Each structure stands twice: as structure tokens, then as C-alpha cells.
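Engineer: Each chain is listed here by its residues.
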Amino acid sequence: MMDTRLLNGMNRTYETLPSFPSTIRVVHGGAWRRSPPPLALSEESLRQAASRLLQTGSGGLVWRRLRDSKLKSTRIGREYQQAYRLNVLSAAHMEDSLQRAFAVLRAAQVEPILLKGWSVARLYPETGLRPYGDHDLAVAPGRLGEALDVLSAIPGGFPEIDLHDGIPDLPGRSWAEVFARSRCESLGDWTVRVLGAEDQLALLAFHFIRHGAWPPLWLCDIAALVESLPESFDWDSISSDPSLASAWTIPVIRLAEQLLGARAPSLPANSEPPLPWLASAVLWRWGVGKERLPMAHYLRRPAEILRTCAYQWLDPLKVTVRLGIKPQRSLFLMHLLSLWGRPLLGIARLKRRAERIRDRQTLLPCEIHRSNAY
Amino acid sequence: MNAPHARKEKLTIRDLPDETLVYDLERHKAHCLNATAALVWKHCDGKTPLEKLARILKDAQNLPAPEAAVSLALEQLNRRHLLQETMEPIFGTQRLSRREALKKVAATAVALPLIMTITAPLARVNASEIMTIDCKVKSFPSGRVFRDAPDGTTCTGGTCQGGKCVRSGPPVFVPVTSCGGQPDGTPCSVNGKIGTCVKGGCSTTPT
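If you read the sequences in order, they're chains A and B.
Numbering of the first sequence is given in the working numbering, commencing with residue 1 and proceeding in unit increments.
Numbering of the second sequence is given in the working numbering, commencing with residue 1001 and proceeding in unit increments.
Please keep in mind that the hints were generated in silico from the structure rather than gathered at the bench.
A quick note: this is a predicted structure, and the numbers were derived from the prediction, not measured.
Here a beta-carbon is modelled for each residue, glycine too, at the ideal position from N, C-alpha and C.
Accuracy of the hints is not assured; some may be wrong.
[What the hints assert, rightly or not] Listed below are several chain A residues computed to face chain B (Cβ distance under 10 Å; list not exhaustive): (1) 92; (2) 93; (3) 96; (4) 104; (5) 107; (6) 108; (7) 123; (8) 125; (9) 127; (10) 150; (11) 189.
[Unchecked claim] List time: in silico DSSO-like cross-link candidates among lysine-lysine, alpha-carbon distance up to 30 Å: (12) 1008/B - 1029/B; (13) 1008/B - 1047/B; (14) 1164/B - 72/A; (15) 72/A - 1029/B; (16) 290/A - 72/A; (17) 1164/B - 351/A; (18) 72/A - 1047/B; (19) 326/A - 290/A; (20) 351/A - 326/A.
Sequences are here, hints too, so could you generate the full structure?
Structural biologist: Shown next, in the form of C-alpha cells:
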């Protein structure tokens, strides 16, 4: 298996330049379209944002918009080109493994559904624009053990595959309902079952929020999906789902319109207007990234301390996901809920940790790795 | 070597409009071949002699010194393990040094065969927040263990043996080219298509 750790080896920058959010908006705005608008950014802006853009998988998109400009032969242009080349090769390898996983599972009468990954990358006009590091395959509830047995029996295993028992991110929808809406898409000589647009949209929107609106490329995915929705898209499936996941669908579509210029189809008449605080919270996240900044950074910029504390401790996105509440229009109300909910969350987390330690002592001698790989 | 033969096994190859990308699954290295180098490489079928390779290059790119360009391309392909057997950088009876070859082709720098290598890192640890195979098949967040993963299962950075992860370098994920002696269901490849082994043969028919 190959990956792009090469890109992650670039010098990390802890700069939180005021221009970062706008650079990220410009880079991703319309980037999913067949003919994206020309990239109106200077070499310097692209250089400053390079570390962040490359680490979050947006290098291919940047290169596509640079390759017809005079910036293509600059040093920074070549960095983005390198990212694009690695994406292309990685996609080739990943497509092979996806075909094989489907072949093996289908041979055992297990029909999985692919979540995200290739199913999102295919929304872009060419390969190599949207990298992905794994394949999330959901199998019918209760068939996980069987699917694991089948995949584990293959020599070499399937390190790229993450199996899921049903679709935990869409708790309000039954497997039968989701499966009925799913469809098969061609991949080479094979077909791959992907989510229906109704479920894909809800899943991507909630996933983006659950990960704190990071990386920005995921909002680009949502914009690409929104612009490719079929005429027959069933908006009722979203409004009738009472879960938190579906509650975020319309606000995130509004966000993609607001920040990236996505052209959303006509939303249902009774849909909520944009949440007034959401765009600023997301732009703040795009400015500071996900890295924990060193104290020296704040000592150089004391003015940022208060703002960062306010967002870190009262991050409205974190609040809504962790407390399991639906997005509220009032930021004040969300902060109030956060202050009340935090101690309860802390207790719940301690309880979970104690359970995990107990389980690990009794059952899990091996190290557990978790990654937030996109 | 009068008729060089391009290596095709354990490589992932993708053609782009101006270049060809090659990922070496054995050495974990990515190479980028420009159009000239790719043209030479694609005609290295083990039957085409060097003289004919030079003619092909001359016809396609109108190079003034195609022999030197072929020599230069082969030398680079050889150095990057993209040929089946190692070769001496010779052309006919005349041995060209790399510098001489470069001098001859330099006049047409645009068509200079060029292979750029991007050293790709080792395989990434791949696990899920929800489900992971790390020698224990378990669910998250409950951590409930279903069972030990079978020996030989790829785990993070190695393979499982007796329910423990033994580090053994990056997992290499390559379908077998021959199903002889392989259990049914083993991923295989035939004529560039991916399939699974069924009764000793490679079946590429989707189920």
C-alpha cells in the first residue's frame, strides 16, 4: 500500500495568518467543477498555505488550477504537481484493492456498501484530485464477523478496508432503507455499491461537522455532491429523519453555498436559513487548522489567546456533536448548553476510559491504533 | 542486451497526458517518466532491438540523435529497476557514456528522456475508529473482541502470529499471477484484470 506521508514530512507551519481562511476558500471555491474558475492567488499565498493544503489532501485540486497558469513551473507549483502525481498512483492502487474486496465479499454472498472514499472521489472530473486513504465498507448488521472472516482469510489481508457493522453515522435510517436507495457504479469491469444520494449527503454533512469542519476538502465533496444531485432527490428522507446526522444536512449545504459558491438545487420551502454563526466558526477552524499550537505561538500573539480559548472551549460544532443536540440558531444558547454539558461529558468520558482500560487488561494485549486519515 | 524487456510485474502504471507514472510495489518508489522515456519503455518488449527503438523515437519525436536518447532512457530505466534484466549502457558496438549521450541529446532538451523518482514512504497504519483488525478482531467503542485474527493477517506494521502483531515491514498488497496451489478466493491478476482464484484458475468474472 502506498500513502502520502511524503507530503506530511513538509515543514510544519504554525502560522495562523489572517489570509489562510480566504486562501482556502479561493482554492476550494468551484474546484470540483469541470471548468473551475482561474485561481486568483499569488505565488506567495500558495506557498504560505502549502503545508496546510498538502497535508489535508487539497494538493491535487490546487495543481489542476495551476497547471494552465504561469505558476505551474514555480517551485511551489511543482510541489502541488507532486501531490497530484501521488494521488493518481494512490487512486490506481486503491481502485484495484476496492475491486478485489468487492469480489471477495460478493463471492461469500456478502454485499457491502462503500461509504465515502472512491464514491466521493468519482464526483470530481478526473482521478487524482480527491485522495482517500481507505475504503469504508458497511455490511448488513450482524454480518460483520462473517465479512471479517472472509477478508482475513485472504493472504496479505486487506489493510485498506475498514468494515462497519451497518452505518453508525446514520442512526435514524434502517439498513433495508439505505440498501434500497443504494446503487451500483462501474469501476473498471466491476461494479461497486455506493450510497444513494440522500444517504451520501447526510453522511458527508454530518461527518464534516463531527470532525470539526476539517479538512476543508470535505466541504468541497459536499459541494460536488450537491451540484450532482438527481432530479428525483427525495428531500423528505432528510426532513423525516429525526437524527442529529440529518439535522446538519441543510445547514452544511447552506455553508457550501456561502463559503465555496456551491449551486444548490432548490431546497425545500420550509428549510432553515443559514446558521448565523456557522460560517465564522468554520473559517476560524480553517485558519488555525487542527494542530495544537505551541505556547510560543500564543506568547508571540497574545491577542489570539482569548479568541482561541473561546473557540476551543465553546466550539459550537464540538458542542452540538458531543452533547448530541441539534444545531441551534442561537450561539448563546449553544454556549450555555456547553457550559452545562461539559461536566456531564467529562464524567461520561472518564467512565468510558475506565471501561476501556478494564477491557484492554482482560482482552486486548495489542496496541490500538486509531487514525483520522481522510 | 540487444532487445531490452520492460518490467511489468509489481508495478502500478498510470498514463497522464504528458507523462507516465509508475509505482514500484516492491521498492515503494514512485517514478515519473516523461513522454520520451515512456515511449522507449513501452516499446521494450524483449523483441524490439535498440536500432528499431531509435527509429521509433526518431519517427515520433524527430530527434537528431535518437540512439543517444535511447541509451540515456535505458540507463535511467535500468537504474530504477524498470527493466527485467540489468543492462550495460551500450548502443550497438559503440558504448556511450552518460555525459556523451546527454551532450548529443542536449540540443533538443525538450525531448530529453527523463525519469524523476519520488521516494514514496512505507505503508500507512490503517485502522478505523469503528473497527480494526489488529490481531484481535474487535468493535469500537465497546472494545468487544470477536476472536484472534488468523496468523498471517496484516496488522499495523506487520503480520499477526498467535494473536500478536509481529512487525515485519510494510504490507505489500499484490495479487498473485498464478493460482497454482493458491486457495480459492485469493486475489489474482490475469491480463491486467483483477479477479480471484477459483479451482486453480484466475476468474475475473464479476459475481
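Engineer: Hint by hint, note whether the structure agrees.
Structural biologist: Taking the hints in turn, this is what the structure says about them:
1. 92: holds, 5 Å
2. 93: holds, 5 Å
3. 96: This interface hint holds because 6 Å falls under the 10 Å limit.
4. 104: holds, 6 Å
5. 107: holds, 6 Å
6. 108: This interface hint holds because 8 Å falls under the 10 Å limit.
7. 123: This hint is violated: residue 123/A lies away from chain B, its Cβ roughly 20 Å from the closest one there, beyond 10 Å.
8. 125: violated, 14 Å
9. 127: holds, 8 Å
10. 150: holds, 8 Å
11. 189: Nearest chain B Cβ about 6 Å off; hint holds.
12. 1008/B - 1029/B: Between residue 1008/B and residue 1029/B the Cα gap is close to 15 Å, so the pair holds against 30 Å.
13. 1008/B - 1047/B: Between residue 1008/B and residue 1047/B the Cα gap is close to 15 Å, so the pair holds against 30 Å.
14. 1164/B - 72/A: violated, 48 Å
15. 72/A - 1029/B: holds, 24 Å
16. 290/A - 72/A: holds, 29 Å
17. 1164/B - 351/A: OK: residue 1164/B and residue 351/A at ~28 Å, within 30 Å.
18. 72/A - 1047/B: violated, 39 Å
19. 326/A - 290/A: holds, 23 Å
20. 351/A - 326/A: holds, 24 Å
Violated hints, listed in ascending order, are 7, 8, 14 and 18; each of the other numbered hints is respected by the structure.
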